[in-house]
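**Student:** The listed protein sequences derive, respectively, from chains A and V.
Residue numbering for the first sequence follows the numbering used here, starting at 7 and increasing by one per position.
Residue numbering for the second sequence follows the numbering used here, starting at 18 and increasing by one per position.
Hints listed in this document are in silico derivations from the structure and should not be mistaken for laboratory results.
Here the structure is a predicted model, which means the values were calculated and not measured.
Don't take every hint at face value.
Some chain V residues near chain A, calculated using beta-carbon distances under 8 Å [said to hold, decoys possible]: (1) 52; (2) 189; (3) 190; (4) 192; (5) 249; (6) 337; (7) 447; (8) 449; (9) 452.
Note that the Cβ used here is the ideal one computed from N, Cα and C, for glycine as well.
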Amino acid sequence: MRSLKLLLVFLLASPVVASAQGKLNVVTSTEDLAAIAREIGGDHITVESIARGYQDPHFVEAKPSFILKLQRADVLVAVGRELEIGWLPPLLTQSRNGKIQVGSSGYLDASLTAEILEVPTGQITRAEGDVHPLGNPHYWLDPENGKRIGKAMADKFGELRPGDRAFFQQQLASFTSRLDTAEKRWLSMMAPYKGTKMVTYHRSFPNFAQRFGLDIIGYVEPRPGIPPTPQHTLDIMNEMKRQNVKLVLVEPYFDLKTPQAIGRETGAQVLVMPPSVGGVKEVTDYFKLFDYDINLVIDAIKKSGAK
Amino acid sequence: MRPIRFACAALLAATLVAAPRDAAAQTAAQAQQIQQQIDQVRREFNDRLAALEAQLASIQGGQAPTAPPAAPGVPPAPTTVEVPPGAAGAGGPSGPIPVYGSSVTNAKVFNPDMAVIGDFLGAAGRNEVDPQPALELHESEAAFQAIVDPYARADFFISFGENGVGVEEGFLTFTSLPGGFLTKVGKMRAAFGKVNTLHNHVLPWTDRPLVTRSLVGGEDGIDDAGISVARLIPAGPVFLEATGEVYRGDSGESLYKTSERSDLSYVGHLRAYHDITESTNVDFGSSYSYGHNPAGIVNDVDLGRFTTKLFGVDATLRWKPLSRSIYHSFVGRSEVIWSRRQQFNGRQDAMGYYASGDYQFARRWFAGVRYDRSDRADDASLLDKGGSATLTYWPSEFSQVRGQYRRTDYADGPAANELLFQFQFSIGAHGAHPF
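The following block holds chain A by itself, in its conformation from the complex:
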């Protein structure tokens, strides 16, 4: 009894963590969103990401240390489309931060204005694997969506810090115009390779493929979230031979054993292609993500002679 009272006294006495009204404290679920937030917020915000870029964003652990980050956050930017469903809801519940709860002003689902592909229609069941009923959540790999995410952030940050609204819009204008320029360059770099066929491990690249005219003909995973099976691997190898596919893209967090077996059998090149900022060391911002991925793909196409 007495120890309980002591505990209660202790509970009540510990000081409340007050969030500073200075810089807007932004927490994002992934490094891609953090990279875009940095472009928009500049030095007027602080940004932290929960997941690392070299980590499978579906399987982040809900570590209590993330609760500490969320507790202090003014804004939480999530990828949405149920990408974070396995780990963000318990963190949010325990964050003790009313500002960033779903539906509050400090919660931003970045997917709401983005172009989402592969939204399932008709009956969906888990017989298809770990399908995302709200569409493919890997939508940030298209610079057009990058601009939309940037705009959503600039609006949200401005809403929460009206004094900095003009600054955020100015940053957005700069980000958008730099991205426009870069996109033109990327498109012209990729133009000669339009229609190149490839296989990816997981469905992480549909927006990238659509924007840059690549043709993804199959996946190493038989179904989303289901590891490769011998039969499916055989099927995909036969299909690759039939269509003369010479590229296999693998996200940094997947095992390379099966992709490499496929590569040996079909003569295809196996590329570790980061779908996220931070996926490899060199990719430190949103622009470098496309620079890196596009150069990687082009080099491989040149080397393999695939087209």
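Fit chain V to the supplied structure of chain A, relying on the hints for placement.
**Tutor:** Here is chain V on its own, set in the frame of chain A:
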């Protein structure tokens, strides 16, 4: 605007109808005028509707497969579904109607996230002290979870077992209280140690350790109606959380039992968590619990007014390399629990612990071992010991198959050698991954 005009017109018409007869001629003229107004409003309404429909059709046509969203500031057009055939003829809406949120039909939008988790257990071998059936659907757990309002969320876990239905947990969590208090109200698993807080389907074993069975209220553990308040204590990079809980005082089969309203039970828990590296972390806890036990109850009268105090410490070491997090991980865990139980024959000071390690050696494969040792709460001179080895296979995130070899040396019976196996499967909403 339009409906209001309609309403005004109708109201006016009604007043006029009730007007005195001597104004009949005037009324007729006015009625005609009103009729004209109504006609005009109807025409305007129809025109407007047609324009809107045309606009909607053009939006849908233009959006087709590569819908570029949103002119600045305009939210994207909601997804739509076709009205079922026949509805239009019956006076219902026709064409596409918007769907807000993800559900297939409008009515489901506010349904909670629902899931059912099946836990099927089998046992082979001999156990004369604590036998379990050869085959059983041990538990079917239905989960209902949703956000209640801007201030709270609710979680219900209804457990259907062989002996009936029970609310395993049903509580409201206030997510936005000032002062950083996380408050839960309802029936819930108490924050005593680690295993007590976990549902069966997230345990790395088919059973619960001997020490929780013997000292912390059996399979259900401390699971009672009460109020829980948890608060973070600033400690730099260390996550430090203090939890205080008050319960009615009825838990387990023989742990806590109330005979008066004031026989509340209490739980206190202090948790410290720290990331050593991005892939390795440690989690320590200490727990305390107090309540009235049923040892002194004779013929429904609590003659003894006996109490039980529980103390516990727990430690967990987790390792999961981030870039290969879906393939390899390790969790090592131990809990030590002391029980001080008053009885007619004097206080029983019992102690027990378990230590376990679980290693994920491939994307779908886990292997683990556990050592068990515990005195009995009501007779501390009886010491049970045991050991287990488990092998778990995950076909997908939503099902798992587990085998467990378990040897138990009972203080008061022959040793049991058993092979236990378990199928677990989950349908419905994607729940949170356990941590």
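**Student:** Compare the structure with each hint and give your call.
**Tutor:** A quick look at each hint next to the structure:
no. : hint : in the structure
1   : 52   : violated, 47 Å
2   : 189  : violated, 11 Å
3   : 190  : holds, 6 Å
4   : 192  : holds, 5 Å
5   : 249  : holds, 7 Å
6   : 337  : holds, 7 Å
7   : 447  : holds, 5 Å
8   : 449  : holds, 5 Å
9   : 452  : holds, 5 Å
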